[in-house]
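Number of protein chains: 4
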Amino acid sequence: MDRTRLEAFSDGVFAVAITLLALDLTVAGPEGHGSLADQLHVKWPAFLAYLISFFMIGIIWVNHHALVRSIIKVDRTLLFLNLVLLLFVVLIPFSTATVADYFSRHDWGTQVAMMLYGGVFLGMSAGFGTMFEWTLHGQRVYQPLPPERHWPARVRFVGGGGVYVAAILIALFSDVASFVLIAAVAVYYIFERTPASAAPDDGEQPAP
Amino acid sequence: MDRTRLEAFSDGVFAVAITLLALDLTVAGPEGHGSLADQLHVKWPAFLAYLISFFMIGIIWVNHHALVRSIIKVDRTLLFLNLVLLLFVVLIPFSTATVADYFSRHDWGTQVAMMLYGGVFLGMSAGFGTMFEWTLHGQRVYQPLPPERHWPARVRFVGGGGVYVAAILIALFSDVASFVLIAAVAVYYIFERTPASAAPDDGEQPAP
Amino acid sequence: MDRTRLEAFSDGVFAVAITLLALDLTVAGPEGHGSLADQLHVKWPAFLAYLISFFMIGIIWVNHHALVRSIIKVDRTLLFLNLVLLLFVVLIPFSTATVADYFSRHDWGTQVAMMLYGGVFLGMSAGFGTMFEWTLHGQRVYQPLPPERHWPARVRFVGGGGVYVAAILIALFSDVASFVLIAAVAVYYIFERTPASAAPDDGEQPAP
Amino acid sequence: MDRTRLEAFSDGVFAVAITLLALDLTVAGPEGHGSLADQLHVKWPAFLAYLISFFMIGIIWVNHHALVRSIIKVDRTLLFLNLVLLLFVVLIPFSTATVADYFSRHDWGTQVAMMLYGGVFLGMSAGFGTMFEWTLHGQRVYQPLPPERHWPARVRFVGGGGVYVAAILIALFSDVASFVLIAAVAVYYIFERTPASAAPDDGEQPAP
Chain A
51 MDRTRLEAFS DGVFAVAITL LALDLTVAGP EGHGSLADQL HVKWPAFLAY
101 LISFFMIGII WVNHHALVRS IIKVDRTLLF LNLVLLLFVV LIPFSTATVA
151 DYFSRHDWGT QVAMMLYGGV FLGMSAGFGT MFEWTLHGQR VYQPLPPERH
201 WPARVRFVGG GGVYVAAILI ALFSDVASFV LIAAVAVYYI FERTPASAAP
251 DDGEQPAP
Chain B
51 MDRTRLEAFS DGVFAVAITL LALDLTVAGP EGHGSLADQL HVKWPAFLAY
101 LISFFMIGII WVNHHALVRS IIKVDRTLLF LNLVLLLFVV LIPFSTATVA
151 DYFSRHDWGT QVAMMLYGGV FLGMSAGFGT MFEWTLHGQR VYQPLPPERH
201 WPARVRFVGG GGVYVAAILI ALFSDVASFV LIAAVAVYYI FERTPASAAP
251 DDGEQPAP
Chain C
51 MDRTRLEAFS DGVFAVAITL LALDLTVAGP EGHGSLADQL HVKWPAFLAY
101 LISFFMIGII WVNHHALVRS IIKVDRTLLF LNLVLLLFVV LIPFSTATVA
151 DYFSRHDWGT QVAMMLYGGV FLGMSAGFGT MFEWTLHGQR VYQPLPPERH
201 WPARVRFVGG GGVYVAAILI ALFSDVASFV LIAAVAVYYI FERTPASAAP
251 DDGEQPAP
Chain D
51 MDRTRLEAFS DGVFAVAITL LALDLTVAGP EGHGSLADQL HVKWPAFLAY
101 LISFFMIGII WVNHHALVRS IIKVDRTLLF LNLVLLLFVV LIPFSTATVA
151 DYFSRHDWGT QVAMMLYGGV FLGMSAGFGT MFEWTLHGQR VYQPLPPERH
201 WPARVRFVGG GGVYVAAILI ALFSDVASFV LIAAVAVYYI FERTPASAAP
251 DDGEQPAP
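Those sequence lines, one after another, are chains A, B, C and D. Residue numbers for the first sequence follow the numbering used here, beginning at 51 and rising by one. Residue numbers for the second sequence follow the numbering used here, beginning at 51 and rising by one. Residue numbers for the third sequence follow the numbering used here, beginning at 51 and rising by one. Residue numbers for the fourth sequence follow the numbering used here, beginning at 51 and rising by one.
All the pointers check out, no bait thrown in.
Restricting the straight-line Cα-Cα distance to at most 30 Å, the calculated cross-link-like pairs of lysine-lysine (BS3-like) are:
(1) A:93 <-> D:93
(2) A:123 <-> D:123
(3) B:123 <-> A:123
(4) C:123 <-> B:123
(5) D:123 <-> C:123
(6) B:93 <-> A:93
(7) C:93 <-> D:93
(8) C:93 <-> B:93
In short, the hints are calculated from the structure, not lab data.
Excised from the complex, chain A in its bound form (with noise of 0.2 Å):
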């Protein structure tokens, strides 16, 4: 089994999630509170949670492209850990909605709003992190990474993961740093070029 399907699936999920993020942005309409103009500015957090998710579901799209390419051979194992990872793509425009309508209140529910972002986040990077570890055994990828690089990988992988479950704890007490943090890892992995990003052609796995 190729890789063309596994890529073409995958591709299809990511660009309607991608594309399905801004359906959420709607204005109730000339029938709805205020002119138009205040209904935008009362969206901005819709704006800025629709921002961080676009690009959050666009880096895992350039590290799964990155890794997916690496890969001999495509099994039915491989097949189902993509679908896990994209089965917390499908619901980041879920979680996205859910913060967009809740930030602007600070209340508890503002609270499990960001719990639910960071928790679809971090669903996301472990389904990643688990496709990454199939990749370190048997002969399954063309350059294989060398054993003693294996754990500090991991740890890279198990860091970015940490940042999601702090973000969650985080959101336990202010969901506005809950937010600051996880927009600065969005922000981090688009001008970060790790060792291994910087130098796909080497055969090496991305960052998560």
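Following the hints, put chains B, C and D in place on chain A, whose structure we already have.
What follows is chains B, C and D alone, placed relative to chain A:
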């Protein structure tokens, strides 16, 4: 007519359908009844139904993939059989949303919803079985199944469909039992490796 | 400019449009009027319209596939003709939902809805006919239709479009008769194998 | 990293966005105000906005296609520039729906909606211009534009963006004039064949 566009179109439909599943995952928001935690808690049947339907679509995608790649030549009949399969795949978000809406009531509506849910999976199973039957005739696949294995394979397909028939009938008596049976099918297909699916490179057709 | 991305983009639009058809299939849920069985029963025009539109999109996809693979070189004109075709394909979920909403009333609204439904299919047919006309000129396809067969092919296309014109006119008198006519067209295209479509490997263009 | 998945993902996003445009085309149905004919008549700005946005996305898809196929090697920077372009493409259904909602009012809300509409196209244009700028440096395209043609090409891009800036400013005085200007841009791009786009096989970059 080659397989590429058949796969591309089908992958697109699978990808959109699996992503639209999550469209039903919305909460009423700050204006709704109860806190966000309550709203999410009340929605648990929606999350469970989402999970099961997600893996059902994922499994049929994996099997569709294996079936199509064994085909030598795509003809007009196969294109329409494939459309019949997709007709039911596209209905899955609708049947899933209906089950989610009615699940916590445990009344006649829930039972009808479960019959709809099982019925759509039955249609999908029958559609896939028909495509499989098509591969048994003529010189249509690279490594045809030997004739003595046709009937065992058909029995396995009919058995798979029979489970959905059972789920529909059980729904007349217990919606929960029907739901558990369908969930068990999904779990079974994820973990079971039938001889055929375990060795797709032998050119055999996949299990239902 | 090769055909690959024209096909990929068109397949994406076809796949999304065919899946969005089912978005109109929703029930009001436990809070709505009547039991779920009643709600599903009342929705039967929506299911029928879904079925017809699904196969209409499926048929145009099959024919689009056959047409595009016969093309030697994709130019900017073809890309825009293709966009015009897709413009009408994308409107099908809207016209289908409108017919479904008005069908059981059998009043002037139903007749307008049927005219809209037929009109969108007419536009799709005209768009595909224009792409076909484009293939008749210059050295644009691998095995051009001989000139003496141009007019018979055009007549067949115009005849196909004429059925939709008839359906629109008939809608002024009977919405049911108009709907039956359009449903008959869908059934005809599924089972009819025109000489051209029966032998696509000869490089001929497909039927409308 | 090859261009295939960049194209597949982008095509998916373009296809979903162009199809979601039509989601705003709904009528209130039998329970709404007025007959279906009246409801469709009142919606004419929505149909017009749908038409313009459809071709705007179609045009950017055609140009994106031409640009990407001239690229030798896809790197991480290009992937993120492409994401920025898609960020604005995905916003088009939202801005289109907002214009459609406010168009017939001709008040301050309409003017704000037109500024939003023009602003999203401006962002799309700037995103595409940045991708074009990226191709001018290093050995990134098969047939690089000679240095003496860099500035004329840039001027043409900035000119294209300047029209959107003009449309945004004009919206402060007349929403209709702003809408006409943006519609004129769409018509211009459909019929105008710039030297570069008329001869994409020479490896030149497309017009904005």
